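In case you want the letters, here they are:
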Amino acid sequence: MAKIVVDGVEYEVNPDNNLLQECLSQGLDLPYFCWHPCMGSVGACRQCAVKQYRDEEDKDGILVMACMTAASDGAIISIEDSQAKDMRERVIESLMISHPHDCPVCEEGGECHLQDMTLMSGHNYRRYDKKKVTHRNQYLGPFINHEMNRCITCYRCVRFYDDYAGGTDLAAQAAHHHVYFGRHQDGVLENEFSGNLVEVCPTGVFTDKVFSDHYTRKWDLQSAPSVCTGCAVGCNTTPGERYRSLRRIVNRYNSEVNGYFLCDRGRFGFDYVNSDERLQAASKRVGGGLQAFDEAALSGLLTEFADGEMIGIGSPRASNESNFALRCLVGEQNFYSGLADDEQEATQLVLEMARDQAFHSPSIREIESCDAVVVLGEDVTNTAPRVALALRQAVRNRSLDLAADCNIPAWQDAAVRELAQNERSPLALLSSYASRLDDVASDCVIDSPAALAQQGFAIASELSNQAAAAESDHGDTVKRIAQQLKAAKRPLIIAGTSAGSIALIQAAANIARALHESRGAAIDLCLLVPEVNTLGVSLLANPDNRLGSALSRLAAGEVKKAVVLENDLYRRAPRAAVDSALAKAEQLLVIDQFETATTDQADIVLPSTAFSEHEATYVNYEGRAQLSFQVHRNYRGARPGWRWLMEDADGNVEDLINRCAEEATAFAKLDDLLPAAGDFVASMKIPRQSHRYSGRTAMRSNVNVHEPKQPIDDQSVLAFSMEGIPASKDARLMGAAWSPGWNSNQSISKFQDEVNGELKQGDTGTLLLERSGSGQWYSAPAQAATPAGELQVAPAYQIFGSDELSARSPTIRQRMTDAYVSIAPKDAERLGLKQGDAVSLNGNGSLATACIRTRIKPGTAAVYCGDGQINPHEIGDSVALTKSDVAGERSLSGLIVSDLYEEDY
Amino acid sequence: MSEMSNESTMVNNVIASSATRARRLNAEEIAEIEHEMELYPDKRAVGLEALKIVQKHQGWVSDESLLAIASYLDIPVADLEGVATFFNLVYRRPVGRKVILFCNSVSCWIMGCDSIKEQIEHRLGIDFGETSEDGDFTLVPVPCLGDCDRAPVMMVGDDLHRNLTPEKIDQIFEQYRKQLTADG
Ligand code: SF4
Ligand code: SF4
Ligand code: FES
Ligand code: FES
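First to last, the protein sequences are chains L and W.
Per the working numbering, residue 1 is the first one in the first sequence, and the count goes up by one each step.
Per the working numbering, residue 1 is the first one in the second sequence, and the count goes up by one each step.
Since the hints were derived computationally from the structure, they do not count as laboratory data.
A quick note: this is a predicted structure, and the numbers were derived from the prediction, not measured.
Glycine included, each C-beta is placed from N, C-alpha and C at the ideal position.
Nothing false has been slipped in among the hints.
Interface residues of chain W toward chain L, partial, derived using beta-carbon atoms under 8 Å:
no.	residue
1	Thr20
2	Asp63
3	Phe86
Facing chain W, from chain L, some residues (calculated, C-beta under 7 Å):
no.	residue
4	Ala171
5	Gln173
6	Ala174
Which chain W residues stay away from chain L? Per the calculated CB distances, all over 12 Å, these:
no.	residue
7	Ile33
8	His57
9	Leu101
10	Lys168
11	Ala182
Start from the sequences, fold in the hints, and give me the full structure.
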């Protein structure tokens with residue numbers, strides 16, 4: 001700790017930080033642009049000038065940039081000094097000299113850091129009346145708008161996009177008064193985190209295109225704290241609604257999980273919520289079609305249906321509450337997780353590791369602090385995107401060490417990067433095809449999943465002689481990786497269920513166990529699962545209840561009724577198995593948001609609410625349970641899954657959460673997530689609408705001139721209203737961050753205990769699992785031979801397309817690609833396949849597009865199933881490919897890979 | 001190298017593949033770029049030299065050339081564009097057969113370069129950044145050619161012309177006209 005004096009007041013600060021950061025941590029207001037809490041300082045904008053004095057005698061002082069000056073012990077500074085103020089006022093004037101006067105039509109308006117800073121710095125009259133520099137804007141794809149005239153050249157965009165997120169197609173161009181931030185030509189921004197530009201850019205240069213198409217000011221949005229359901233990371237989000245439609249999603253800070261950034265699947269994959277294709281009314285099958293129930297029939301529905309034994313199939317994309325309610329309805333012995341059988345087996349293994357004392361499951365923030373990483377067969381960019389962004393920061397730990405050796409503080413971003421050049425902490429990627437992280441990897445081993453598992457076992461046996469020996473084709477690499485792990489301060493092993501290989505997870509566990517043995521401490525083992533609540537539903541279901549056996553019980557007529565909760569079984573098992581089970585089921589009740597192949601078979605279809613329409617909890621890959629509040633109502637007939645399933649239709653979700661905590665093993669701590677009654681002023685509700693929420697009396701007057709009563713929220717502590725006590729201090733209940741003078745997302749520093757710290761009274765979620773197990777070593781399985789002429793299958797995934805719900809989003813659809821099969825040029829030649837050819841898989845009618853890549857092992861085929869275009873459970877460990885003469889309607893457009901093979905060049 | 005260049009010339013992105021495609025660098029360009037690569041530790045650092053080499057051979061740097069260089073050096077094309085557009089004398093648009101580097105900095109300004117420029121405009125019909133209709137000349141401003149004691153100064157192609165007067169301009173361009181016509 002150090003003491004500094006700011007305008008005569010003494011503060012205790014952290015000397016490892018800079019003055020700007022520490023002033024903000026103390027709650028002081030000091031304008032800035034180029035500094036960003038997690039990207040450090042470059043001193044580019046000169047906006048954060050303060051006066052610094054040599055000592056108490058020094059009355060003159062010098063102007064320094066707060067973001068470029070260490071908060072060293074004894075520093076005496078003034079923010080209020082008139083020269084400093086004057087400098088800041090002039091700097092902002094010059095930065096925005098060509099900035100247009102277009103706030104009223106700018107999407108940033110009302111949450112614009114530039115607006116806030118003009119006010120804060122006192123620049124409220126513009127003197128420049130000459131011709132302004134103008135620019136041509138670019139088409140940047142379906143996510144982002146470009147309006148370069150608004151740029152103040154703070155360089156944050158390229159620092160985020162290139163330096164932080166590893167993007168390569170956005171750069172600063174030209175010089176002096178016509179500096180330009182854009183691509184080399186119009187085109188889609190390729191990086192998977194491009195949406196963060198919207199929040200990183202302090203002005204309206206990069207704005208959310210989807211939001212812009214149905215724009216609403218921030219203060220007019222109804223919002224609540226929510227959790228992304230795009231994958232198992234569970235990033236925290238703030239969705240905003242108006243006029244009964246969900247308008248956008250922005251990041252919500254959680255120090256342990258997503259920090260300041262989301263991936264583009266999470267940010268843009270929400271607009272299926274507004275889709276007219278959503279199921280709208282409870283209906284039953286009459287003849288061939290569905291007919292809506294009338295209200296009266298509806299009330300007796302469940303009582304009637306629930307009579308007698310039935311099977312309940314849950315879902316990894318449904319909340320704990322809905323799954324639990326289904327379990328209560330059908331009884332534990334009849335409740336199934338709804339995971340595919342092989343995935344269930346793999347997930348159980350993940351859960352076993354999650355209870356093993358030898359391991360620790362790292363949060364995103366913890367991943368960033370690891371200094372040697374091995375990724376075994378998991379394409380994190382496409383299965384858990386936020387993890388990929390964290391890994392890009394993890395490889396920078398080496399540069400921070402180098403900087404520390406040279407006495408360069410970590411926040412001196414440009415200096416640290418300049419010093420390190422291409423020096424990085426080791427990141428070994430063992431993968432079946434080239435990935436989007438290869439550019440920062442120290443080693444890329446490309447091989448089939450089975451062979452990768454062998455390498456994993458070999459690394460473990462290199463580290464410990466207790467670990468079973470394994471053959472390796474990459475001996476030197478294996479040795480090097482083992483060495484790097486051994487030498488690291490905080491090694492990390494990543495694997496997951498997506499590669500469909502138990503052996504890969506076991507190999508990862510062996511490596512971590514070997515490290516644990518020599519270190520004694522718990523080793524970071526990050527095992528990823530694909531969906532938002534894969535772990536939650538797996539904890540609720542009996543591990544021996546396999547989907548396959550549920551289907552056979554139905555097919556055999558043992559049980560005649562089934563309830564399927566938000567699950568399309570045709571994505572979880574071979575078509576024939578589902579067909580025969582559903583054909584035999586006498587009564588099938590399916591709850592879902594959309595029509596699926598499964599609802600098509602149902603006798604009763606009940607529409608369920610989307611993530612923003614209900615309060616729910618989910619368990620992320622770490623075993624972290626998080627609470628997501630309802631943002632807005634569903635104005636059609638959808639209800640939360642659990643509500644259809646509980647006898648008591650008036651039930652309250654928070655009661656259900658309490659009940660789940662009491663009854664379900666492993667969920668004992670779930671109720672910690674609920675806000676306690678005593679947390680509120682005079683037990684007033686927290687408004688979801690801002691105090692500036694406008695037009696309430698008029699917004700529906702095109703329908704009816706009477707102002708409707710605000711909907712009552714009988715479920716939670718939040719209100720669908722602007723009345724109540726705003727969560728201005730309790731960040732846990734705060735949807736959109738706002739603080740006086742800070743209308744942009746930069747206001748978050750007002751809610752953090754210190755910059756980049758936890759939220760005041762914040763809640764990072766609750767880790768559900770206790771570790772007590774002591775685990776075991778695994779040995780490498782015998783390598784199965786691939787039938788002659790066939791290729792070994794490696795499942796492939798796409799950030800846009802592999803998640804069932806976001807794939808329904810019209811925005812995401814614009815970036816999706818059809819099912820493809822990636823093969824090496826050699827195999828393509830042997831099979832007579834050309835880039836883009838239609839390929840038949842196993843001759844069973846499954847069609848994919850040939851995608852010939854240079855960086856895939858000959859003999860393997862990476863199969864991407866598209867959005868339900870191919871049933872992955874009908875493809876074995878190996879596949880026979882033949883050219884199909886079905887005219888290819890499908891294409892690879894939308895695919896972004898760096899190693900596409902182009903014969904003709 | 002040949003294998004790498006083969007791989008790296010692939011367009012990075014299928015979405016972009018319908019757009020501009022890289023042209024092939026010719027053998028001389030490649031030889032010169034290879035030579036520069038020996039002199040720098042990092043391929044990224046060769047970017048500027050490579051742009052100059054290509055410009056020397058092609059007269060300017062087209063989108064196709066930009067892609068070709070980026071692929072050859074295996075660096076992001078956006079970064080290379082950043083370099084190319086940073087320098088005024090890397091031409092990203094076609095230029096005339098002769099580029100006029102016209103100094104309009106302090107000394108030349110004091111010595112009346114404005115009237116010289118007027119004369120050029122009058123004679124060739126071009127302003128800064130423009131190319132004459134016959135494709136012979138492009139006029140580009142430069143800040144100081146380092147020959148202030150003989151201001152006003154300009155370069156046409158590789159030739160330096162000093163102590164300019166409006167009359168001299170007519171003579172000079174008359175000569176170039178002849179020369180260019182003779183060259184075809
Ligand atoms: S585009 Fe935005 S982030 Fe980038 S330099 Fe301009 S103002 Fe800063
Ligand atoms: S999809 Fe996953 S990584 Fe992306 S924002 Fe959502 S939870 Fe985070
Ligand atoms: S914030 Fe300090 S110079 Fe930009
Ligand atoms: S100012 Fe023109 S040559 Fe120096």
